[in-house]
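Residue numbers (this note's numbering), protein chains in the order written: chain A, 755 to 903; chain B, 955 to 1334; chain C, 1039 to 1402.
Honestly, I wouldn't trust all of these hints.
[What the hints assert, rightly or not] Going by beta-carbon spacing under 8 Å, a handful of chain B positions derived as facing chain C:
hint, residue
1, PRO969
2, SER970
3, VAL974
4, ALA1076
5, ILE1147
6, THR1150
7, MET1319
[What the hints assert, rightly or not] Examples of chain C residues lying across from chain B (beta carbon under 7 Å, computed):
hint, residue
8, ASP1048
9, PHE1094
10, THR1095
11, LYS1098
12, GLY1099
13, GLU1276
14, LEU1365
15, PRO1366
16, ARG1367
17, LEU1368
18, LYS1369
19, SER1370
[Claimed, not checked] Straight line, CA to CA, 25 Å or less: simulated BS3-like cross-link-like pairs of lysine-lysine:
hint, chain 1, residue 1, chain 2, residue 2
20, B, LYS961, A, LYS874
21, B, LYS987, A, LYS850
22, B, LYS1235, B, LYS1123
23, B, LYS1215, B, LYS1235
24, B, LYS1224, B, LYS1133
25, A, LYS880, B, LYS961
26, B, LYS1308, A, LYS850
27, B, LYS1215, B, LYS1308
28, C, LYS1098, C, LYS1117
29, B, LYS1133, C, LYS1098
30, B, LYS1002, A, LYS874
31, B, LYS1245, B, LYS1123
32, B, LYS961, C, LYS1191
33, B, LYS1045, B, LYS1245
34, B, LYS1215, A, LYS850
35, B, LYS1153, C, LYS1379
36, B, LYS1308, B, LYS1160
37, B, LYS1160, A, LYS850
38, B, LYS1134, C, LYS1098
39, B, LYS1002, A, LYS889
40, B, LYS1134, B, LYS1231
Everything labelled a hint here was simulated from the structure, so no lab data went into it.
From the three backbone atoms N, C-alpha and C, an ideal C-beta is built for every residue, glycine too.
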Amino acid sequence: MNFEVLDKFNVEIIKKENSFEKIRVESSNLCDLLNFLKNSAEFNFDRLNTIIAIDLVDNFELIYDLHSINTSQYARISVIIDRNSPKIPSIIEIFKSAYYDECEIFDLFGIEFTNNQNLKRLFMPKGWVGYPLRKDYKQTDERLSWNEK
Amino acid sequence: MTKNRLKINIGPQHPSTHGVLRLVLELEGEIIKSCEPVIGYLHRGMEKMAENRTYLQYLPIVDRIDYLSGFFNSFAYCNAVENLAQIEVSKRSQYIRVLTMEMNRLSSHLLWLGTFLLDMGATSPLFYTFRDREVILSLFEELTGQRLMYNYYTFGGLRHDVSDDWLDKVGDFVKIMPKKIQDYEDIITNNPIFTTRTKNIGVLSKNSTLQYSITGPNLRATGIRVDYRNSKQETGNKEHNSHGLGYLVYPELDFEIPTAKTGDSFDRYKVRVEEMKVCLKLISQCIDWLKSNTGEIISPIKQHLLKVPEGEFISNVEAPRGVCSCYVKSDGSGNPYRVKWRTGSFYAVQILPKLLENTFYPDLMAIFGSLDVILPEVDR
Amino acid sequence: MEYLYFLYIDFLHKYNLPEFIGMATFPLLPFCMVAAALILVVLFLVLMERKVLAFFTQRKGPNRVGPWGLFQTIADAIKLLCKENITPTGAEKFMFNLAPLLAFVPVMVVWGLIPFSSEFDFMSYSVSALLFMTIASIPTLGILLAGYASNNKYSLIGSFRSVAQAISYELPLVFVLVSIVVLASSLNLRQIVLAQISVYPFCGWFIFPAFLGFLIFFICATAELNRCPFDLPEAESELVSGYNTEYSGMKFAFFFLAEYAMMFIMCAFMATLFLGGFLSPFGFYLSERFIHNDLLAQVLVYFEQVFWLFLKTFFLIFCMMLVRATLPRLKSNQLMGFAWKVLLPLSFLNLFFICCYKYFIYAK
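All chains should be built: construct the whole structure from the sequences, respecting the hints.
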């Protein structure tokens, strides 16, 4: 695919051996980029397959997996966020399906999506301490240690 | 909440939520005004589990993500690891994988058909479809030793080969099945009660299915002909990163993709029934190939010592409930660094509030049932 | 009747009991017999339903307790009797306990109105058909009360539906009944049966002139009984168990019993109105033909009449079970639309047709 038109969004194309191609973008440009990819006739990525969050120990990476129904192509947008203040703009205005994905990531990684009004814990119970899928997570909740007593 | 509204709580224990979904409904008389799904009752931390286990140790667990179509999860994970570690899969293994997966899709759709109609108040079809599903499960039991959690695929191959005897049994089953499917259609498709309850109920537009990332038969019921098995896309633009279309040997097989037009509950039913017929077609093609060809199926690599080079991969599989994607990131050690599952039901639950707004309370079953949601897949 | 009475007095004399005891207890005897018969019939009916449904779905059905699973329902009944009676907190206690009785007692009463044989009916009034319809609609009150008193939203919705359904379906039911009354020129159920006697066997049954009415009546009766496909008040996929969600033990058993007893009675009522009730389909009674002892034959005829009635009733029940095994459930708005837009006009049509028939042909 021709990604040169994306230069105005400050993108960096990452291609490593044994990995898929990623488009790295700053979190401030994310919404604009996704909007462009979704609506431009050339790309027309109309379905957000999923959002993948990865804990890279120093920071978090989010991968937005976009699929196109018409051209049967994909694009993977990667965003790096700072671990100390994990915040990223929400994309539910662009892809409505992102709501559950964002809730899930908020629940399991503690990444906050600004603009997402109803962000809530999706799987873990209310009042759960910590974010389980972070690499430094230690299980402290008493509700799970019933069999060790 | 206005005064006249009745807040009603469906689930987590309720006869028709297919597991432990909870829906908080607000009713005005019998009309649903708002719906809020509450999930997480079956959250088992599948993704966290992967990080503490080796690649092989995680393999039996993935079958449990969607217990009705274990082969698909298993394949998605194996496919990702094989691509990362660059393991070749022999042709015969691929054919057996297609054969087992299509049988699994058939059994999953049969169970869906029975429970969907049970939700609508018809008790008999449940027993009929379970009777046929039982045959498939017995065949699986004979092949893998398990009825639901197969653990049959390995990295680069299968645990063991299929016997000709077993293939004959599958062949017999494929021969009687079209008549059974015709029977179901006779009792259901033209039933006026069924059609009035499902036609124009829970209509999904093309746009909203894509917006809400609905995939699988639910997407095809709206008329969009997208199937990740098929390489012959309508406007197939084949470049290096088309998303894994036509995985395994599907491009060599001959099958059509059933679609419908309006995207209501009836169309979702129709598409699944047609898909069952396609499954049979694929199964018989696989049997023909397997009978006339031999080949190695046991993978030469040492499964338990598997070290995967650094990298990441997403494999997309067309599961019975929509696209099942498995993302695997490896840091070069014996354990996966991160595994992420994307399942069809997760997004089907998300669209419920939109679909259920201003419908009648009994429509809840016609809509929710037709989406074919399975809860372990939602919560993972 | 007198013959039976003398038999009874003789029986008491053997045990040196005075005659006035016989006089006082004799009218109660049929009631006890009928009530016991009803309970037995219901026990059998539950088993039959399970067996028939099992047959349709290629299963065996109950087959563990007793031969052919015959004692399964009895075992279930004993289990229900032994179970704890739970009254939920927040329930309206008095009404919660009253509801099962209100559903059950009217059923026992209407049972007595059915003419079992040409002699043997112990509640015979000139307006018994009307009385039947009136009392048969009381259990709906019990259901409403149950839904209201259990303090459960599922029950409440279930009972709403039940009342809406009963009201809409009672109208066509009564209009069909009126057409039968027109045909028989009587409101007495036994007179209705006797009006169906004809020269040729079973040609006089009212199902022939009023076939449309019979279909309407069958559909409405299914709806009245809250049976599939009209089982919305207890739609388990929507309302868990509907109005009886909170009931347990004996109180639940009352609802259950009332439901099945009502099903039997409704079918017997239908058989009485349309299928000639206790009349033999051959035009003569087998016992009259084959037994030459007059006195014995006279007694046996009564039993034979009961047998014919039961046979017809069970045939209708079998049809209802067949419907249950085949059809999915209707939706509530569909249900109301069907009653008011289809069945009610059809029942008017039926009544009009019957009146014309009566005027032009039957009158000759």
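Violated hints, by number in ascending order, as checked against the structure: Violated hints: 3, 8, 11, 12; rest satisfied.
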